[in-house]
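The task is simple: from the sequences and hints, build the whole structure.
The opening position of the sequence shown corresponds to residue 1043 in our numbering, with each subsequent residue numbered one higher.
Only true hints are included.
Listed next, the in silico DSSO-like pairs over lysine-lysine satisfying Cα-Cα at most 30 angstroms (straight line):
#, residue 1, residue 2
1, K1101, K1128
2, K1061, K1073
3, K1072, K1226
Just so you know, the hints here were simulated from the structure itself, not pulled from any lab data.
Only a predicted model underlies this, so the values are computations on that prediction, with no experimental measurement involved.
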Amino acid sequence: MNYVFKPKNYSEAWDYFRKIPFYKISDFLKKKELVFNKGEIISVEKYSLDSLFYLIYYKTHYFDGYFSYGGNIDEQIFGDIKIENKGEYKSSAFFKEFLSFCFSLQSPVLWAILFSFIFGVICIEYKGYIFPGYLKPEFYASTYCGVKCVKLASLAWSALLLLIGTTLGELIIGLVFFFYISTKIRNTQKYDFVRTSSFILILMNLSIGVMVVRKSIEQDNFKKAVVIFRLAYTPKYFKNPINRKIASETLGAEIKENKLK
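Here it is, written out as structure tokens:
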């Protein structure tokens, strides 16, 4: 005997698509029936909150999980499966499950937080090695750019590296989890969480990346970044008054005031 569930609307079909990996996008668009073979439905829970709905637990050869079915249903289709009447649904159970997913090793959220923290600590704690002009600006100061100016240049580069590095790293984490890690997950609730959170991570960091690139192009920040980099390492670059002007727009008037002796 097969178990057949027909979605009443696109909202229910979307719930199937999110929580049941083998329910394809084409099935969602057609609001196709969801079919399980005999033995794949393992238990059913009946709840009443504002309206009646069922949590139907299943286990197939590849996946296990549950999905919800709202409204009345002919309970005889479940055959010998006992339906547990749970009464009111407790949202705290969902919250605990959500937190357990967030802090599991298969969570892109956890890895994104860890990466941002570790990368941020490296950039902050070791900026003296990454940007030597910050700790020993006197070694890089010149008649074109004084000590304060060199420090500002190092800070500007560290902030730029932190923003770009964090955005790029989290984007890569999102892509890896969306296209690879999620395919290894067999629990469909965790699968849904990983796919959804990694997609949000991808979308968020793509948006930030596009915004940074667009603002950089509008404000000529890429050219300014090259000038700032050369500021600490090739002071002769500032013999050109145009380059000094670009740097002074970013780092202040000190460059203008320091004139060639």
